[in-house]
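Peer 1: As given, the protein sequences belong to chains A and B, one line each in that order. Numbers given in this note's numbering equal positions in the first sequence, counted from 1, plus 1163. Numbers given in this note's numbering equal positions in the second sequence, counted from 1, plus 863.
What the hints contain is simulated information worked out from the structure, not anything from laboratory work. Don't take every hint at face value.
No more than 25 Å apart at the CA atoms, straight line, and that leaves these computed lysine-lysine pairs for DSS-like [as the list claims (entries may be wrong)]:
#, chain 1, residue 1, chain 2, residue 2
1, A, Lys-1274, B, Lys-1168
2, B, Lys-978, B, Lys-953
3, A, Lys-1331, B, Lys-1030
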Amino acid sequence: MTWPSRRRLVWLAVFIACLLPFASLVWAFFTDGLGSDPVETLIRSTGDWGIRFLVGGLMITPLRQIGWSAPARFRRMIGLYAFFYVCLHLTTYLVIDQGLDMPSIVGDILKRPYITIGMLAFVLLVPLAATSTAAMVRRLGGKRWIALHRLVYPIGMLAVAHYYLLVKADITWPLIYGTILAIGFAWRLKELARRRRQIVGANVARP
Amino acid sequence: MLIGKPSDIKPSEITPRDLYLGRRSFLAGAGALGLGAAFPAAAAPLTFTKSPLSTTGETLTPLKDITTYNNYYEFGTDKADPAKHAGKLKTTPWTVKIDGEVEKPADYALEDLLKPVALEERIYRLRCVEGWSMVIPWVGFPLSEVIKRAGPTSKAKFVEFTTLADKDQMWGLSLPYLAWPYREGLRMDEAMHPLTILAVGLYGETLPNQNGAPLRLVVPWKYGFKYAKSIVRIRFTETQPATAWNMANPEEYGFYSNVNPAVDHPRWSQARERRIGEFSRRPTLMFNGYADQVSSLYFGMDLKKYY
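The following block holds chain A by itself, in its conformation from the complex:
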């Protein structure tokens, strides 16, 4: 019998770990552990995990550049988990909270900025999830694929705005996620500027 490689096992462990929040919600659902307003808890926690994976996924590149490259190979998995939790978040809102009452849902999307923004973030996330396979990268071509997947930056900002707009008073968590995103973006801009300088420097040095 051949053992799976260590690399494969780590991958599996990360995959299962990312499913744990979902498993614990399912468990809580069936054991009456979701509190007095279970629907609110489901919407909130699936949204929380969606934004955590999204913001966390956006940190992978800056982390790699400062020398911690281990998470880089899980980038696609993290991104797809963000999509997974966002789908659960949206489904809970549409099916359980709203009971698929279409006039009410359409009204919400048109009238409530935080829902408009949340829906926009979801719609933008769909093509990214759909083009996450290696085959799709080949079909699109690397450059176009990268350009498309830059959408994740505005999606991250929309997600934080969505969260910020819905809280009644305590904006601690939206601010934390927003700050992490801002640090990540600032780092990227700095890196970009550094690389530009290098290229310019290289051009000047050319005889």
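Since the structure of chain A is provided, determine the placement of chain B on it from the hints.
Peer 2: Below, chain B alone, put in the same frame as chain A:
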């Protein structure tokens, strides 16, 4: 091979027995403290009659939900925070200052304030501005009885209620979201309305701290944040008093804050609500279902303007 591998922990490294036992008693002590926080001052049964003004035909929200799902920012902003932290609140002795435009301004010991009143059970719907609702069997008495006794002057047009603000007992006061102390207010006719009560209990026993012990306002046709908790001062004023949520966000929380499915919160719809214990939303009723009793108070008023 793992089996039979000699232990590499020296006997000297093992925690001595007395220290180990000490740690256990410390943990037991911590456990007792934790329990103390979960079950603060034992609820005392109250003597009361059932009021004909109670709402009928509704299923009562379980006590557990009423006492663990609370907005009481003085004890933290999470719904579970008040049940965790309100055990610290000391509700005896308790003094209520009644002042402003009254003939007999005075500080009342809570017992003296309650002595002349007959307690009654009032079952009311509670609708939170956030879009959820409960049905609560309050025990209390009409606010009008306190007002009549205080003797407001002809200048008294509004009543202001102030919640205790004691940093030693309420850690949430260090949070910057509201201008402390928490204040709420009613127009005089709203305050005198027979449905408006001061509650001292629920489910037949004294109020749990997280529900606003020892004395809280209940105005069933208004959003829950109008129900000032742990009241230390009732002041009569000539002009409309400033209120906590209105100061924090005037576009979203008006002075009146009557439950109204036709006037949305700027960020979310108020047309429907989720009754705690149910899954999908149900329609919200005008004035929370008390329109027959209270709509005359607002005759001719533009409720979109005076939200």
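Peer 1: Flag every earlier hint the structure violates by its number, smallest first.
Peer 2: none
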